[in-house]
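For the protein sequence lines, the chains are A and B, in the order given. According to the numbering used here, numbering within the first sequence proceeds without interruption in unit steps and concludes at 546. According to the numbering used here, numbering within the second sequence proceeds without interruption in unit steps and concludes at 1034.
It is possible that part of the hints are untrue.
Derived DMTMM-like pairs: lysine to aspartate or glutamate, alpha-carbon spacing no greater than 25 Å straight-line [said to hold, decoys possible]:
| no. | chain 1 | residue 1 | chain 2 | residue 2 |
| --- | --- | --- | --- | --- |
| 1 | A | Lys189 | B | Asp920 |
| 2 | B | Lys965 | A | Glu482 |
| 3 | A | Lys510 | B | Glu949 |
| 4 | A | Lys404 | B | Glu852 |
| 5 | B | Lys945 | A | Glu473 |
| 6 | A | Lys424 | A | Asp394 |
| 7 | A | Lys181 | B | Asp920 |
| 8 | A | Lys406 | B | Glu899 |
| 9 | A | Lys181 | B | Asp963 |
| 10 | B | Lys965 | A | Glu431 |
| 11 | A | Lys396 | B | Glu961 |
| 12 | A | Lys445 | B | Asp859 |
| 13 | A | Lys377 | B | Asp1021 |
| 14 | B | Lys965 | A | Glu473 |
| 15 | A | Lys436 | A | Glu482 |
| 16 | B | Lys987 | A | Glu247 |
| 17 | A | Lys543 | B | Glu949 |
| 18 | A | Lys396 | B | Asp859 |
| 19 | A | Lys424 | B | Asp973 |
| 20 | A | Lys396 | B | Glu949 |
| 21 | B | Lys1007 | A | Glu443 |
| 22 | B | Lys965 | A | Asp485 |
| 23 | B | Lys1034 | B | Glu1020 |
| 24 | A | Lys181 | B | Glu961 |
| 25 | A | Lys445 | B | Glu852 |
| 26 | A | Lys235 | B | Asp920 |
| 27 | B | Lys945 | A | Asp394 |
| 28 | A | Lys396 | B | Asp836 |
| 29 | A | Lys404 | B | Glu1020 |
| 30 | A | Lys209 | B | Asp989 |
| 31 | A | Lys445 | B | Glu899 |
| 32 | A | Lys436 | A | Glu473 |
| 33 | A | Lys436 | B | Asp859 |
| 34 | B | Lys987 | A | Glu392 |
| 35 | B | Lys959 | A | Glu392 |
| 36 | B | Lys965 | A | Glu433 |
| 37 | A | Lys377 | B | Glu860 |
| 38 | A | Lys359 | B | Glu870 |
| 39 | A | Lys359 | B | Glu840 |
| 40 | A | Lys396 | B | Glu899 |
Treat the hints as calculated values from the structure; they're not laboratory data.
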Amino acid sequence: MSSNSRFVPLVLETDTSFNMIKNYLHSACKSFLFLSFLVLISFSSYSQEISTEPAAITAGGQIFNANCKACHRVQQKLVGPALAGVEQRAPSIDWIKRFIKNSSAVIASGDEYAVNLYNEYNKTQMTAFTSLKDEDIMNVLAYIKSEAEKPATPPPGQQTGTGGTATNAGGGSEYLNVILIGMVIILILLVIILGFIISSLKRFLDQRPLSEEEKEVVHSPITFSSITSSRGFLFIVVFIVGALGFKTVINGLYSVGIQKGYAPKQPIAFSHKVHAGQYEIDCKYCHIGVMKGKSATIPSVNICMNCHNQIKTGTNTGEGEIGKIVRAFNENKPIEWVRIHNLPDLAYFNHAQHVNVGGVECQTCHGPIEEMDVVRQHSLLTMGWCIDCHRKTDVNSKGNAYYDKMVEIHKEREGKNPMKVEDIGGLECSKCHY
Amino acid sequence: MRLLKSLTIGFSAAVILAGCSAEGNDQGTEYAPNMYHSVAYEPYSQITDEDAGRWLTSIEYPATVEGGEGHAEYYNSNRFNPNRMNMRELPANTVRRNAQGWLPYRIPNDSTGLRLANRLKNPLDSSAQVLAAGKVLYETYCDHCHGAKGEGDGKVGAGITVDGVQKSAYAGVPNYKSDALRNISEGHIFHVITYGKNLMWPHGSQISPEDRWRIAKYVKTLQK
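Just chain A, same shape as in the assembly:
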C-alpha cells in the first residue's frame, strides 16, 4: 500500500470508519520508525546534519568570505557554481567534503558528478583546501543554507540610475537661488526704508517756514526723465558699459587660438568622475604611456575590458555606453576618441619628462579631472603658461643622480636659492622648438 492511496480516502471521506484511522496511524508509526532509522544511518555515515545555529552560521560566513568568495556566490554563478542548495544537489555531504579538500583527486577517481562539474566549468580546477576541517566545511554549509533561505535582493547594478548625479548637480544651483532671493528681499526692504526716510524728512521740512523756491525743491516730483538725465546716472551707465565692453573685447582677443574649455562629445560617454573619482582607479592604470613616453596614451579596448568583461551596467548611462566597448572588442575595432589637448606642431611636449622625472601631478595641468563627467581642456597650453610654470617650479632632483652635478654647481653660484627649471635650461628655445 503506497502512502498516496492510504492518504487520499482519509481526506475525501470524512466519515471513515474508526478502523481505517487506526490502520493509518499504525502505518504512520511504522514509516516514522523507518524514517528515524534512515536518519540514524545518515548520522552515522555523514557524521552530522547542517546546523542552523547562529554561531555556526557566523563562523561559516567568515570562512566563506576568506576562502570561497573569490570564486563562489550563494545565488550567483561566478567562476564556480552558485552554492544555494548544494547540500541537496551534490551526491552527499561526504562528497562535498572530499571535493573541497582535494577536488582533483575526486575528479581523477572518475566520479561522474565531479567530472561533469569539471567539464561544465571550462575545466577550471578548484583549489584544494586541505586546511579546512570537517566542522569548518559544515559551518560553511550552514552559512550557505541560511543565505540561500534569505529573500533575494536585486543585484547592485540594477539599482543604479541617473538619480544620484542629477541631485548632485541641482544642489549647487539651489544654493545660488537662495542667495539671489535673499538679496532681492534685502533690496526691496532698502527701497521701502528709503521711502519712509524721504516722507518723514518732507514732513519735517514742511513744518518749517520755507520760501517758495525751497518748497519747490522739496516737492519736486521724481520722474523717470529726471533720473536718466542726471549726470551721475549717465556717468555710471557709460562707465559700466564701457568697462564690460573693454573686458569682453580683450577676453575675445585672448581667446583666439586658445582651446581652453574645449570639451568635445566623445564616441563613448566615458566619465572620469566615475572611474578616477568614485572608484579611485589610478590614472596610470589606463594611461599606461605616461611614465614612459611622449604621449600619455589613450587605453586600448582590452584595458577597458579588464573590468567591463564583468561590469556591464554603467553608473550614469546603463548598458548603452558600456555595450559600445564590448562591441568594439568583439569586432576588434579601435574606438575613435576625439583628441582634446592639441599642442601646435611647433612645440614639443613629453609626458614622461614631466610626470616621471619631474613628479608633476596630472591635475596640475589637466585640472580636477576626477570630478569631470566630460573632460574639458583646463589649461591654456600657451607658451606663457609653460614658461610661467618653468620659472616657478623647483627641479625634482631628489634621488636622481642625473641632476647631482647641476645641483652642486647651482649651490656654488646661487647659494640657498632653490634650483628652478629655468636654471637648467627650462626657458631655452630649442628645448621645445626644434
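Place chain B on chain A using the hints.
Positioned in the frame of chain A, the structure of chain B alone reads:
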C-alpha cells in the same frame, strides 16, 4: 553721438570675438590653422576627411585615390593601415627589446604553464628599492580591485555607494591571505598578472615584465 557710435562698434567687436573662444564641441577660432594641423602623423588626431581645410591649402598634396584630386591641408590618416589608423600594427610575434636583455615570456597560458611558472625564480632582489617600486606599481595597477592590503576590498572589487545607491562591483576578487593563495610563489603571481586567472583578465599588455616581477615581490610582503 560719437560716444554712442564708439560704444556700438565696441559692442559688436565684443560679440564677434566672443564667438572665438572654445566651448563644448567647438575648438574655437584657430590663429594660423596650418600650425595646429600637423602634416606629419599625430597620435590620436586622425582626420579622415580629405577635404578638411581645403580653403587654406596652398601646396599640392598627393591624391589619396588613383587619379583623384590631392587631399586638403588637414587630412591626416593612412589609407593603407587597418581602420585608416596612423599607427601601424606590429607584425605578429614582435619582441620588445629591454634593458636587461630578458627573453620574452614563453610559458603558455594553461594549467601546465601555471605549474611551470610556479617554479620560476624572481630575477630581482628583495632590496628596499625594489619593494618600494613594487608598492607604487601595486597601487597603480592592482589596489583598486585587490585593496591596499590585498584583502580583495578595493573600491572596484568591493563596490561603492554613492548618494546611498549601491554601484556595480567586480565580483570575485580573492583575499591574498586566504589558504589557497598564501603560499603561491612569485612565479605564480607573475604568470597570473601576465595571463590573468579565473575572473581576472590579462594585464601583460599594460605592465612590463620587470614591473610584474616588482609587483610579485611586493605582493608576497602583503601575504605575511
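We went through each hint and held it up to the structure:
no.: 1; hint: Lys189/A x Asp920/B; verdict: holds (22 Å)
no.: 2; hint: Lys965/B x Glu482/A; verdict: holds (15 Å)
no.: 3; hint: Lys510/A x Glu949/B; verdict: holds (22 Å)
no.: 4; hint: Lys404/A x Glu852/B; verdict: holds (18 Å)
no.: 5; hint: Lys945/B x Glu473/A; verdict: holds (18 Å)
no.: 6; hint: Lys424/A x Asp394/A; verdict: holds (21 Å)
no.: 7; hint: Lys181/A x Asp920/B; verdict: holds (23 Å)
no.: 8; hint: Lys406/A x Glu899/B; verdict: holds (19 Å)
no.: 9; hint: Lys181/A x Asp963/B; verdict: holds (12 Å)
no.: 10; hint: Lys965/B x Glu431/A; verdict: holds (21 Å)
no.: 11; hint: Lys396/A x Glu961/B; verdict: holds (22 Å)
no.: 12; hint: Lys445/A x Asp859/B; verdict: holds (19 Å)
no.: 13; hint: Lys377/A x Asp1021/B; verdict: violated (35 Å)
no.: 14; hint: Lys965/B x Glu473/A; verdict: holds (22 Å)
no.: 15; hint: Lys436/A x Glu482/A; verdict: holds (22 Å)
no.: 16; hint: Lys987/B x Glu247/A; verdict: holds (21 Å)
no.: 17; hint: Lys543/A x Glu949/B; verdict: violated (33 Å)
no.: 18; hint: Lys396/A x Asp859/B; verdict: violated (32 Å)
no.: 19; hint: Lys424/A x Asp973/B; verdict: holds (21 Å)
no.: 20; hint: Lys396/A x Glu949/B; verdict: holds (10 Å)
no.: 21; hint: Lys1007/B x Glu443/A; verdict: holds (24 Å)
no.: 22; hint: Lys965/B x Asp485/A; verdict: holds (19 Å)
no.: 23; hint: Lys1034/B x Glu1020/B; verdict: holds (23 Å)
no.: 24; hint: Lys181/A x Glu961/B; verdict: holds (11 Å)
no.: 25; hint: Lys445/A x Glu852/B; verdict: holds (19 Å)
no.: 26; hint: Lys235/A x Asp920/B; verdict: holds (11 Å)
no.: 27; hint: Lys945/B x Asp394/A; verdict: holds (13 Å)
no.: 28; hint: Lys396/A x Asp836/B; verdict: violated (28 Å)
no.: 29; hint: Lys404/A x Glu1020/B; verdict: holds (14 Å)
no.: 30; hint: Lys209/A x Asp989/B; verdict: holds (16 Å)
no.: 31; hint: Lys445/A x Glu899/B; verdict: holds (12 Å)
no.: 32; hint: Lys436/A x Glu473/A; verdict: violated (31 Å)
no.: 33; hint: Lys436/A x Asp859/B; verdict: holds (23 Å)
no.: 34; hint: Lys987/B x Glu392/A; verdict: holds (23 Å)
no.: 35; hint: Lys959/B x Glu392/A; verdict: holds (16 Å)
no.: 36; hint: Lys965/B x Glu433/A; verdict: holds (21 Å)
no.: 37; hint: Lys377/A x Glu860/B; verdict: holds (22 Å)
no.: 38; hint: Lys359/A x Glu870/B; verdict: violated (42 Å)
no.: 39; hint: Lys359/A x Glu840/B; verdict: holds (21 Å)
no.: 40; hint: Lys396/A x Glu899/B; verdict: holds (23 Å)
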